[in-house]
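Chemist: Residues per chain, in single letters:
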Amino acid sequence: MLRYVMLTIISLMMAFPFYWMVMSGFKTNDEIFRFPPTFWPETFLWSNYVDAWHAAPFARYILNSIGVGAAISLLQIINSSMMAYALTHMRFRLKGLFTGVVLLGYMIPSTAVYLPSYLVLSKLQLLDSYTGLILSNCVSVFSIFLIRQAFMQISHELVEAGQLDGASHFRILWTIITPLARSTFAVMVLITFIEQYNNYFWPMLITKSPDLQLVSAGLRSFFVEGGAYGLKWPQIMAASAFTIAPLLILFLFTQKTIMQSVNMSAGVNKN
Amino acid sequence: MPAVIPLLVFWLGPLGYIFYLSFTDWDFMSPDKLFVGWDNYRYLLGNPEFYQALKVTGLFGLGSVIPIMVGGLLLALLMNSKLRTSGIYRAFIFSPWVTPTVAVSIVWSWIFQPDVGYANHVLSWFGVAGIGWLQDSNWALIAVLIVTLWKSVGWAMIFYLVALRNLPSDLLEAASIDGANAWSKFRHITLPLISPTTFFLAVILTIQSLQAYDQINVMTQGGPAGSTRTLLYLYYQSAFEAFNVGEASSVAVVIILICVLLSGCSFLIGRKMVHYQ
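Chains as they are written, first to last, in full-length UniProt numbering: chain A, 1 to 271; chain B, 1 to 277.
Only chain B is shown next, with the shape it has when bound in the complex (with noise of 0.2 angstroms):
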C-alpha cells in the first residue's frame, strides 16, 4: 500500500502538524519554537483584517456558488431539446475550465483596465461611465468573480446536462397529459429530480470556492484595500509573505474548521432534502 505513505506524509502528517503550529509563534527562520497557547487566536480574534477576510470570503462563495449553479442549470436546459450543434456551443462554453487559471486571469485583467480594457467599451455602448474595475474596492471582487463564474459555469452546465438527460420521461410526458405547464413541470418535477446534482455541485463549488487562489493572485493581491483578499490568500500572505507561521496556521485552522462544518451541514442536509430516485 504504497500510496498510504504520500497520504500520511502529505496529508494526515501536516493536518496535525498544522493544528500544533497554531500554537506557536514560529517565523521559518528561529531554531526553536516557542508555545504561546491561544495568543494566535486571541489576535486573529481581534484583527480587523481578519473578519474582513471573512467577509470577503463569504461573499466570494455566494458570488461564485449561486451563479455558476443558476447559469450551469439555465445554459443546461437551454441546450437539453434535441439540437443538431449542442456540441459545438458545449464546447465553446466549457472551454475555459480546461485552461490554466493564470494564463485567463492575465487576459481577464487586461478587459478590465480602467481606461482601454474591453469591460469599459461595452458598458460605454449603453452610456455607462468607465468603472476602475480592480483598482476600485467596490468592483474589485466582482471582477474577479465574472472571471470565476465565466471559467465554472460550463462545468455546472455539464453536470446539469447529464443529470437532466437521466430525467425519466415517461413522468414528464404523464405530466404533460395532466395539463401542467412547463413552469409547474419544471418546478414539481425537474427540480427535485435533479436535486442530488444541485446538491452535488453546491459542496464541490463551496471547497472550490475556499480554495480560490490563481485568479485571485494574478488579478488583484487580494486588494485594494483588502477587498479581495479571502482566508485563503490571507493565510498565504502570512505564511509566506510576512512569515508568521503560528498566525499563519491558525487562519488554516479556521478554513478547515469552516470545511468540516459545511461538509457536517452538507452531510445533514442531504440526508433530509435529497430525493434519489
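Pulled out of the complex, with its shape left as it was, chain A reads as follows (with noise of 0.2 angstroms):
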C-alpha cells in the first residue's frame, strides 16, 4: 500500500512538468503571472495554441525534425548493419583496427569535435543544408555496437550456407541476416529518431536559415526572440506542449520497444 502512495506521488511529481505546461497554455498573460500559481486555468483559452502556431512555422519545424529524423535512421540502418556485419562474419586484415576505431567513438563524446566537424563541412560546402546534417549524422557508433551484438548471435553456419550457395555478402546480409535480427532494427530506428528529433546542438550550429531549422532550434528561438521572451508566456508553454505532443504520442504507442531498448543497450556494453 505504501508503495502505491509513494509511486503515485513520484509519478505525479514527474508528471507535473508536462501538466504545468499544457495548462499554461491556457491561461490568460495575467493569470500566469499571478502568485501563488493557479493550478486550473480560469477560462481555457484555446486561442494561446491557435495564436502559438501561427507565430512561428511550427508545422514546418516539426516536419523538419521528422523528416530528418527519418532520413538518419534510414541511413543509419543500412550502415550500421553493413559495419556489423563485416565486424562479425566476415574476415579481413584491419578488423582489429575497425573495432578499435569503433570503440573510441563509444568513449569521446562526439559533442568534443563540434568544432573541426563544423570546420570540415564548411570545407564541403555543406553549411546550412539538410545534406550536411544528415551526412554527419549517418553512423553512429551505438548503433553499430547495438546491430553487431545482434548479428553476433546469428550462427555464423548460417552465412556459410549462403556462400556455398554463391550468394554475395550483399545478398547473404540483406535476405538472410537483416530478416533475423528484426527487432533490433526497430528498437534502434526508435531510439534513433527520438535521439534526432531532439537534438539541438549540433543542428542549431549547422541550419542557419529559419526554413531549415529543426524544432528544437525553432522552440527556442520562438523563445528568445520576437519579443516572447518573459512577455507570451502562455504561448511560450503551448508551443512547448506541441513540440513535445509527437514524442509522448510515439512513446505510448512503442513502449516496450523503447524499455526494451536500455535491456539491450546494457547488453552492449558487456563486451
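Where hints are given, some of them may not hold.
Unchecked claim - For lysine-lysine, the following BS3-like pairs were computed, each having C-alpha atoms within a straight-line distance of at most 30 angstroms:
no.: 1; chain 1: B; residue 1: 272; chain 2: B; residue 2: 55
no.: 2; chain 1: A; residue 1: 123; chain 2: B; residue 2: 33
no.: 3; chain 1: A; residue 1: 95; chain 2: B; residue 2: 272
no.: 4; chain 1: B; residue 1: 272; chain 2: B; residue 2: 185
no.: 5; chain 1: B; residue 1: 33; chain 2: A; residue 2: 208
no.: 6; chain 1: A; residue 1: 123; chain 2: A; residue 2: 208
Please keep in mind that the hints were generated in silico from the structure rather than gathered at the bench.
Both chains are sitting in their own frames, so use the hints and assemble them into the complex.
Modeler: Written out as C-alpha cells, the structure reads:
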C-alpha cells in the first residue's frame, strides 16, 4: 500500500511539468503571472495554442525534424548493418583496427569534436543544408554496437550456407541476416529517431536559415526572439506542448520497444 | 564499407584536426593559421574561467551521476515487487527521457521563476523564503541539476529494473532461510549482483554529463557569473561566440583527455570490482 502511495506521488511529480505546461498554455498572461500560481486555468483560452501555432512555422519545424530523423534512421540502418556484418561475419586484415576505432567513438563524446566537424562541413560547402546534417549523422557508434550485438547471435553457419549457394555478401546480409535481427532494428530506429528529433546543439550550429530549423532550435528561437521572452509565456508553454506531443504519442504506442532498448544497450556494453 | 568514410570524415579526421587547431591562434576569418605552440594551453592554465569551468564540470558530474543512479535504484526497488499497475508508473517516470530537453527546460525555467514560479510556491508551503534559482549563482547549478535528474532518473530506473529481474531468486531465498534480513540481503547479494549495471550507468552517465548542453543553454547560458558554465559550454562559447578557434580547441582537447582518463579508470575498476555472474 505504502508503495502505491509513494509511486503515485513520484509519478505525479514527474508528470507535473507536463501538466503545468499544458495548463499554462490555456491561461491568460495575467493569470500566469499571478502568485500563488493557479492550478486550474480560470478560462480555457484555446486561442493561445492557435496563436502560438501561427506565430512561428511550427508545422514546418516539426515536419523538418520528422523528416531529418527518418532519413538519419534509414541511413543508420544501412550503414550500421553493413559495418556490423563486416565486424561479425567477414574476415579481413584491419578488423581489429576498425573495432578499435568504433570503441574509441564510444568513449569520446561527439560534442567535443563539433568545432572541427563544423569546419569540415564548411569546407564541403554543406553548412546550412540538410545534406550536411544528415551525412554527419549517418553513422552512429551506438547503432553499430547494437546491431553487432544482434548479428553476433546469428550462427555463422547460416552465412557459410549462403556462401556455398554462391550468394554475395550483400545478399546474405539483406536476405538472411537482417530479417533475423528485426527486433533490434526496431529498437535502433526508435532510439535514433527520438534522439534526432530532440537533437539541438549540432543542428543549431549547422542550420541557420529559419526554414531549415529543427523543432528544438525553432522553439528556442521562439522563446528568445520576437519579444516572446518574458512576455508571451502562455504561447511559449503552448508551443512547448506541441513540440513535445509527437514524441509522447510515439512513446505511448511504442513503450515496450523503447524500454526494451534499455535491456539491449546494457548488453552492448558487456562486450 | 561506406560506413567507414563518414566515420573518418566526421570522427577521426576532426579528432586529429582539433589537436592541430589547439596549437594555432585561428579566428575563423584569417586565411592563415599561425602556429603558436603551447600558448593556448598556457593561457588556459592561467585563466580563472578555466578552473571555474573545470569545477562546475566536476560538480555537475557528481551532482547528476550519483543522484540519478541512487534515485534510479530506489525507484526500481520500489517498483520491483509484482505491482499490477507498475506499467503505468514506469511510463510516467520514464516519459521525461523521451521528450526534447529544450522544450522541458523552457517549462522548468518558468517553474523556477523567482516571483511567480511553482518551485518557490512549493517552498512557501514549508515557510521557506523564495529562492532566486536561475538568477542566483548559488542555486543555478542546482536548478539545472534538478532538471537533469528529472529527465534521466526514469532511464536509470529501467536499467535497474532489468537487473533486479535477472537476479537469481534461489540465492535470495536461501539467504532468507539462513535468517538474513532485508538490508543484509540487499547489501551482500543484490548490490554485488547488480554491480555490472551500476558500473555501466556510472560510465554512460559520466560521459553524458560531460556532454550536457541543451538545458544549460536554455536555462542559464552558463551564468550567472559562470556558475553553470561547464567545460563543454566554455568550449562552445569560445568557439562559436568569441571565435577563438585555438583556445576552444585546447578546451576540447582537455575534455577529450578527461574522457580518455575516465575510460581508462573505468576499465581498471571494471576489471577489479564488477562481479559478472
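Chemist: Each of the hints needs a verdict: does it hold here or not?
Modeler: Here is how each hint holds up against the structure:
| no. | hint | verdict |
| --- | --- | --- |
| 1 | B:272 - B:55 | holds, 29 angstroms |
| 2 | A:123 - B:33 | holds, 15 angstroms |
| 3 | A:95 - B:272 | holds, 28 angstroms |
| 4 | B:272 - B:185 | holds, 22 angstroms |
| 5 | B:33 - A:208 | holds, 26 angstroms |
| 6 | A:123 - A:208 | holds, 17 angstroms |
No hint from the list above goes unmet by this structure.
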